[in-house]
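Build the full structure now, drawing on both the sequences and the hints.
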Amino acid sequence: AQSVTQPDIHITVSEGASLELRCNYSYGATPYLFWYVQSPGQGLQLLLKYFSGDTLVQGIKGFEAEFKRSQSSFNLRKPSVHWSDAAEYFCAARMDSSYKLIFGSGTRLLVRP
Amino acid sequence: EAGVAQSPRYKIIEKRQSVAFWCNPISGHATLYWYQQILGQGPKLLIQFQNNGVVDDSQLPKDRFSAERLKGVDSTLKIQPAKLEDSAVYLCASSSLGDEQFFGPGTRLTVL
Numbered sequence: 044a045q046s047v048t049q050p051d052i053h054i055t056v057s058e059g060a061s062l063e064l065r066c067n068y069s070y071g072a073t074p075y076l077f078w079y080v081q082s083p084g085q086g087l088q089l090l091l092k093y094f095s096g097d098t099l100v101q102g103i104k105g106f107e108a109e110f111k112r113s114q115s116s117f118n119l120r121k122p123s124v125h126w127s128d129a130a131e132y133f134c135a136a137r138m139d140s141s142y143k144l145i146f147g148s149g150t151r152l153l154v155r156p
Numbered sequence: 145e146a147g148v149a150q151s152p153r154y155k156i157i158e159k160r161q162s163v164a165f166w167c168n169p170i171s172g173h174a175t176l177y178w179y180q181q182i183l184g185q186g187p188k189l190l191i192q193f194q195n196n197g198v199v200d201d202s203q204l205p206k207d208r209f210s211a212e213r214l215k216g217v218d219s220t221l222k223i224q225p226a227k228l229e230d231s232a233v234y235l236c237a238s239s240s241l242g243d244e245q246f247f248g249p250g251t252r253l254t255v256l
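For the protein sequence lines, the chains are C and V, in the order given. For any residue, its number in our numbering is found by taking its place in the first sequence, counting from 1, and adding 43. For any residue, its number in our numbering is found by taking its place in the second sequence, counting from 1, and adding 144.
FYI, nobody ran anything at the bench for these hints, they're computed from the structure. Keep in mind that this is a model prediction, so the values were computed, not measured. Careful, some of the hints might be misleading.
Some, not all, of what chain V presents toward chain C, calculated at C-beta under 10 Å [said to hold, decoys possible]:
(1) G184
(2) G186
(3) G242
(4) D243
(5) E244
(6) Q245
Straight line, CA to CA, 25 Å or less: simulated DMTMM-like cross-link-like pairs of lysine to aspartate or glutamate [said to hold, decoys possible]:
(7) C/K111 / V/D243
(8) C/K92 / V/E244
(9) V/K155 / C/E131
(10) C/K92 / C/E131
(11) V/K188 / C/D51
(12) V/K206 / C/D139
(13) C/K104 / V/E244
(14) V/K188 / V/E158
(15) C/K92 / V/D200
(16) C/K92 / V/D243
(17) V/K188 / C/E131
(18) V/K188 / C/D139
(19) C/K104 / V/D243
(20) C/K111 / V/E244
Far from chain C, by Cβ distances over 12 Å, these chain V residues were calculated [what the hints assert, rightly or not]:
(21) V148
(22) K155
(23) Q161
(24) G172
(25) D207
(26) R208
(27) F209
(28) S210
(29) L214
(30) P225
(31) K227
(32) L228
(33) T254
Every residue gets a Cβ at the ideal spot worked out from N, C-alpha and C, and that includes glycine.
Shown next as structure tokens:
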């Protein structure tokens, strides 16, 4: 079955520390992949996307993600976290000819001062 | 450029009542989506419109949920009658065909 898995429900990092949020997908081919961020009471904002080509993609707010076909993964990274990065992060995939997004269950990021 | 607008932002109803949500997409976006986001989960697509036609409503509980986009612009999502398990945030998104989806702020529904 087509699915997106985010294995970490919560992650806590100290401000200034590096961050990696994990995302795995289950699909027979390479999907289009996305990372969204959701702050409390807000809608989802797109951080970055991967369609094809270079497997390291840069996004907004200093985020990047790396697509690894062999691991069916699309992990999100940031070298130095700011307190304003505290939010919920969702990985999503578009897996067929429709434009429907399948979301993971999200990872809540907490930032220690 | 104005974003996706949704109203109301919050709604509290009792079970078996009806409720309606409204969405106005970004101007010119032909594709409109309604997602349901239950607490602790990622959004799940309920229905997708292309202009005023339904592309995908496979996960819409059609015995109680309905949606329309009569003029190919704004859309309404209705629940009648509501159940406790319908408590969720209802997100509307829009896109140009094949492009990035832009999300509205959502409507938080509480069913008591």
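Item to check | Structure versus earlier hints, numbers of those that do not hold, lowest first | outcome: 21
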